[in-house]
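Sequences and hints are given; from them, build the entire structure.
2 protein chains.
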Amino acid sequence: MPRRSTAAVADTRAEVLDVAVRRASIDGLEGLTIGRLADELSMSKSGLHGLFGSKEELQLATFENAVESFTREVWLPVAGRPPGLPRLLALLDRWLAYHRRRVLPGGCLVTTATIEFDARPGPLRDAVARARRQMHAVLHADIRTAVEAGELPASADPADVAFTLYAIVSTASQAIQLEERGASARARRCVRVVLGAA
Amino acid sequence: MPRRSTAAVADTRAEVLDVAVRRASIDGLEGLTIGRLADELSMSKSGLHGLFGSKEELQLATFENAVESFTREVWLPVAGRPPGLPRLLALLDRWLAYHRRRVLPGGCLVTTATIEFDARPGPLRDAVARARRQMHAVLHADIRTAVEAGELPASADPADVAFTLYAIVSTASQAIQLEERGASARARRCVRVVLGAA
DNA sequence: ATACTGTACGAACGATCGTCCTGTAAACGA
DNA sequence: TCGTTTACAGGACGATCGTTCGTACAGTAT
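Chains as they are written, first to last, in our numbering: chain A, 1 to 198; chain B, 1001 to 1198.
Note that these hints are calculated values from the structure, not bench results.
Keep in mind it's a predicted model, so treat the numbers as computed, not measured.
Partial list, derived from the structure: chain A residues whose beta carbon lies under 10 Å from chain B: (1) G28; (2) R120; (3) F163; (4) T164; (5) S170; (6) L178; (7) R186.
Here are the simulated distance ranges between beta carbons: (8) B:A1154 / A:T12: 54 to 62 Å; (9) A:W75 / B:R1192: 28 to 36 Å; (10) B:R1094 / A:R181: 26 to 34 Å; (11) B:E1057 / A:P121: 27 to 35 Å; (12) B:P1121 / A:A90: 28 to 36 Å; (13) A:W75 / B:D1093: 28 to 36 Å; (14) A:E68 / B:G1196: 36 to 44 Å.
Stretches of chain A that chain B covers, calculated by requiring three or more beta carbons in the stretch to come under 8 Å of a beta carbon on chain B: (15) 95-109; (16) 123-136; (17) 187-195.
Every residue, glycine too, gets a C-beta built ideally from N, C-alpha and C.
Laid out in structure tokens, this is it:
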């Protein structure tokens, strides 16, 4: 059988994880299967398994890969702007566009992983909690800056606003997947209302 | 083996579904397994399987059972009150309490099922979409009534507000499961802010 | 040329999956 | 009281699960 031409482990892993993230967004990280993944990649089960050592490691790597690609796609393009309300709005719009464009065919993998592991202690639950804290921190920072700059009323609690915004966007992802009409536009309006009437 | 004394199929199904809902809230509807469920109930796999005919029917029945118990626990106690803002707030508080008290050990099963099936067409996705529409309609109705009664500003779009409230509560369930401190109180505050009754 | 390391394959493991078939004892209708 | 139906148990099925093993070939170093 033809061998993968001079592909280092890292390259192979990257290819695998790319497919794994897409599959997991549909079937969940628990729905990931080494056998099916290997088929889809025209690899052997054992070869794929050897790349990660265990299914849990595959799940962890898949999750981390999704977080990285999300960060690259959504956060990085706006990270350079000055903190505050404009950057926050830009971030939220990019975030919603990420869902609307269906970058991942099955929707947000962080939300999926949250639902799957939030009641099951282990490394994956820890990874999920960490990712959520990071996202929350990013939102929190810009909201606090906006409040201090007078772009948002002083009565607005940054953590509460961050929670509400996160809720709107992640629920929007589900609504988009369920093909509820106008879900993306609705979420966009709701974000504005929350930031306007806060 | 001793037979279930004068227990109709419906009774056995009810017992099974009660356990199934609890398990599914943790492991998901896809994580449900006829074998493990049978063990937990001290039944045979085939006996349990025969009660539903197929795993998909078991999943559907489990989901519907969860919706019914949720309705009984959260909606029914407030359904008698007159429509409007007070009932809406009571509903939201009961809903949040439902999560905070961990009535289901793994959190909201509707959200879990949404995540699992929102990208996979079939009867379960349809059931999920229907349940969400119902919940949305309940919120929508009271919000509209509140707007008409002047309890909420006329500028508030009922559907948008309903979406935001749903997002807050369902995300709160996840935060509670992840043991984020003060998640329930935060959600309660956010609901108030959104409704402008702060 | 030789030895070594890294990478992936093929085969097989025991366990568990959903499903089906058959037997049988309790409950029911006559 | 006696068939009939109901409500399961028990066992087996093919498929698939994650994992382990031994092996073969490529590239690199010696």
